[in-house]
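> Assemble the complex: chain A is given as a structure, and chain B must be docked to it using the hints.
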Amino acid sequence: MSTSEDPGKEAQDQGQHSRPTARASPLSEVFGPVVTGPYPLSPADPSRLGARTPVHSRDRCEGSGECVRVCPTEAITVEGRGEEVTFQLDYGRCIFCRRCVDVCPTGALTASPQFELATLQRDDLRLMHSRKREVAPSPPPSQLWEETRQRVSRLFGGSLAVREVDAGSCNGCEVEVSALTWPAYDSERLGIHFVASPRHADALLVTGPVTANMRLALEKTYRATPAPKFVLAVGACGISGGPFRGSPEILGGVGSVVPVQVFVPGCPPRPEALLYGFWLALGKLEQKLHRKGLEVPAGASRGGRPSSGETPKSGPEHGSTDAP
Amino acid sequence: MISPPTSVPPTTAEPTVEERDERKWVQAHSTTPPTREGTRGVWKVEVPPSQWHISQIQLSQLLHHRLSTLWAEIVPAGTTRLHGLWLGKGPCAGVLVSTELLEGEARVTTLLPHVPSALYFEREVREMFGVEFAEAPDTRPLLLHLSHPAPPFRAPASPNPQDPVSYTFLPTEGEGLYEIPVGPVHAGIIEPGQFRFQVLGEQILNLEVRLGFTHKGTERLFENRTPAQGLPLAESVSGDSSVAGAMAYLEAVEPVLGIRPSEGTQRARGLLLEAERVAFLLGDVSGISMDVGYAAGAAQANVLRQEAYSWLESLTGSRLGRSTLSVGGLYRPLPARALEGLSLRARALSDATRELLEHLDERSSVVDRIHDTGQISREVARNLALVGPVARASGIDGDVRRDRPYGPYREVDVRVALRSAGDVEARLQVKGAEILEACRLVEKFLDGGALDVPRSPETSDPLASGEGMGIVEAPRGELVVAVRLGKDSRVLRVHFRDPSYLNWPAIEYAVRGNIVPDFPLCNKSLNLSYSGFDR
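If you're matching them up, the sequences are chains A and B in order. With the working numbering applied, the first sequence corresponds to residues 1 to 324, in that order. With the working numbering applied, the second sequence corresponds to residues 1001 to 1535, in that order.
Bound-form chain A, shown alone:
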């Protein structure tokens, strides 16, 4: 239902890499508003996004510790006061409830609509404000769009098959993951689609804190997925156990059972955040090939498989690859 006032103008201005999409389609001129959202072809409209992400301003923080007191998942630590304060916020534990923002006496914590929070390292989700967070800035969305499509094309022949594994989630993440298939997000624009079996999947998207009862099933699903493969740990639960941390019935995150390439925080992460996570994962995979001295065919034709064995899609390989 989200209508677009500037159907694809920006996208068309991007030059040769751009390609008409539902949003950019001139069909909308005739048939009315297009329901597919702009991201990642162009930036998501921040006025339409809920501001849920706590953002910390170092200058304003006086170390009251109020945020620590109300945080339901122990995502925040504050040491020292005044000038000496060290503030740490773990987006891997955060459930984006904004209680910390509500109680911050100095306005150091504010709620932002930013959602491109996924990281390749668990540690990078820990925002620490006595040292600068060493994370490369996100590229402009149009680049993200083009790179995702190119990488899917080069590495996976134009189609990235994803198997969703719920390892004990509350089912909130499932709403957002399945939303990727709705017209509003339409992840197939990027070649990302969900498949029914791990046997022909390229990636596993895992939600939930990994319950003791799901451990074996997750391990088996991972082993059943042929290499090359990568795993996205999705949501506060998938990264750290989220609100269920401390329960003896959970293992506390996907990384404790299978190797994880990308961590996508959120409770749940919005569909755009998942798309961002895929971009990140594909980039890492490409880098890895570069490091191994393998050439990724730069201009691989869209939808065509790479010609040689650069991206070996061999038979099932048992869990040894891709350690983070």
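Everything labelled a hint here was simulated from the structure, so no lab data went into it. Misleading hints may appear alongside valid ones.
[Said to hold, decoys possible] Residues from chain A shown here face chain B by an in silico Cβ test under 8 Å; the list is partial:
(1) P209
(2) N213
(3) S247
[What the hints assert, rightly or not] Sample of chain B residues lacking proximity to chain A, with all beta carbon distances greater than 10 Å (derived):
(4) E1014
(5) S1030
(6) G1217
(7) A1450
(8) D1534
[What the hints assert, rightly or not] Dumping the calculated SDA-like pairs for lysine to any residue here, alpha-carbon to alpha-carbon at most 25 Å:
(9) K220(A) - K1487(B)
(10) K220(A) - K1024(B)
(11) K220(A) - S1343(B)
(12) K292(A) - P226(A)
(13) K220(A) - K1444(B)
(14) K220(A) - F1197(B)
(15) K220(A) - V1209(B)
(16) K1444(B) - S1343(B)
(17) K220(A) - E1179(B)
(18) K1024(B) - I1054(B)
(19) K1487(B) - R69(A)
(20) K284(A) - P183(A)
(21) K220(A) - H1186(B)
(22) K288(A) - R69(A)
(23) K220(A) - L1146(B)
(24) K220(A) - I1054(B)
(25) K220(A) - A1187(B)
(26) K220(A) - Q1162(B)
A virtual CB, placed ideally from N, CA and C, is assigned to each residue, including glycine.
Okay, now just chain B, sitting in the frame of chain A:
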């Protein structure tokens, strides 16, 4: 001011025959003076352990009450208390039967086979609390798949469980019979669970469901938290209906703390609850459409669903309405910008939904698949004590919003959709009608007066203690939360009975005699929560 939720409504009329019978029964059976404190007006009856099963079988057979939930708690000195909540018709009709089992004497007689819906409850209480149900026909584990050194509620600090417990699916044998094992990892983007089909040709003879895969020990995690600290967990019992989960929990907690949310707060909550219902039920329309192979209908339903989630996002910042309801109010007021024009959008969404439903109804390829498919008879629905739209599609007339008005629903009339066919088509029709009704309620709450929300107190009385109960109509049906707060208002015990807990057995009945390819369709039309069941 809204009347206190725990109080009994003023008796303006003479008590009905049913009320008199209930009162008579209560007085005859309770070993202590019966009260109605902290239970939404439901009678509290204390019985000796020897009367546990007899008294409840009577409630079922004499008073025609239905088992709503059954749970246990450990009270100091290792004593176990068992509770069975039996609800009747009428805003306060019902009896909470409780009994106390001393340590070493944790044994009562099963309610089966007289009360079929007691099966899962008893299996859970047995494994979690070590209570034995004499003569129980099925003592297999339910939620625990790995061995625990002691029942979890009796051993607070047990390490991660390791070894699998033995579990046998009901055996079948016969010529030409074969089994299809499914799960726990399913083909769709859904939750995990195991299904074992016994099939002859294409026809399903029997289905057995094994759940528990998403068991997170949620109820135990509530312990020792303040009521406010419990909210993120309440929202994560079944995360696709987290506003309803929070509401049920708050309905239980707030009266104990002596908090009465303002009318503006309640209207604001009502608005969010109905917006969530719209988004949720459109998902069912989409799912049914998809599973009959009509992708265009599914896509359109998801377009509409996105609209409903965008309401929640603009109202609360969260697409699922998370972290919004607070003890006593809302964490932050609903932004004026989000409220502006929402009425018109609700009307437009309602019209578009009606159009989609009519469109589906005109597609013979759709109707052919859903008509007569996955039937649940009224008798089965009653015996299993089904709730929510699933029950209403089988002719069981009940909706907590109308029958036991709470919070925002004291102000509005809720029109309840009812069908009798009990098939997928009837469930689609009921759910469709409920979307339209929820859109109407969204408009009602928007027009009903100010949605002002005072910044809520954490608690009005930091030392309040006692027990409370919340009974609400979640998108899936009746959701019950029982809480006990200790001396410093910290949670001693929370019991969450998701609507799916009662509705899960329905799928085993719905698929019988159907062909295997119709299973996903039956499944979608019931839309059962795994996490709500497993917790």
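> For each hint, tell me whether it holds in the structure or not.
Each hint tested on the structure:
1. P209: This interface hint holds because 6 Å falls under the 8 Å limit.
2. N213: holds, 4 Å
3. S247: holds, 4 Å
4. E1014: Given that every Cβ of chain A is farther than 10 Å from that of E1014(B), nearest at about 47 Å, it holds.
5. S1030: The claim holds: S1030(B) sits with its nearest Cβ about 37 Å from chain A, beyond 10 Å.
6. G1217: violated, 4 Å
7. A1450: The claim stands: A1450(B) keeps its Cβ more than 10 Å from every Cβ of chain A (closest is about 22 Å).
8. D1534: Label violated. Min Cβ-Cβ 8 Å, cutoff 10 Å.
9. K220(A) - K1487(B): Outside the cut-off at roughly 47 Å; violated.
10. K220(A) - K1024(B): violated, 58 Å
11. K220(A) - S1343(B): violated, 49 Å
12. K292(A) - P226(A): holds, 20 Å
13. K220(A) - K1444(B): violated, 51 Å
14. K220(A) - F1197(B): holds, 22 Å
15. K220(A) - V1209(B): holds, 21 Å
16. K1444(B) - S1343(B): Holds - the C-alpha atoms of S1343(B) and K1444(B) are around 9 Å apart, at most 25 Å.
17. K220(A) - E1179(B): holds, 21 Å
18. K1024(B) - I1054(B): The hint holds at about 16 Å.
19. K1487(B) - R69(A): holds, 21 Å
20. K284(A) - P183(A): violated, 28 Å
21. K220(A) - H1186(B): holds, 13 Å
22. K288(A) - R69(A): Between K288(A) and R69(A) the Cα gap is close to 42 Å, so the pair fails against 25 Å, i.e. violated.
23. K220(A) - L1146(B): holds, 17 Å
24. K220(A) - I1054(B): Violated. K220(A) to I1054(B) sits at ~47 Å, over the 25 Å cutoff.
25. K220(A) - A1187(B): holds, 15 Å
26. K220(A) - Q1162(B): Judged against 25 Å, a Cα distance of about 16 Å means the pair holds.
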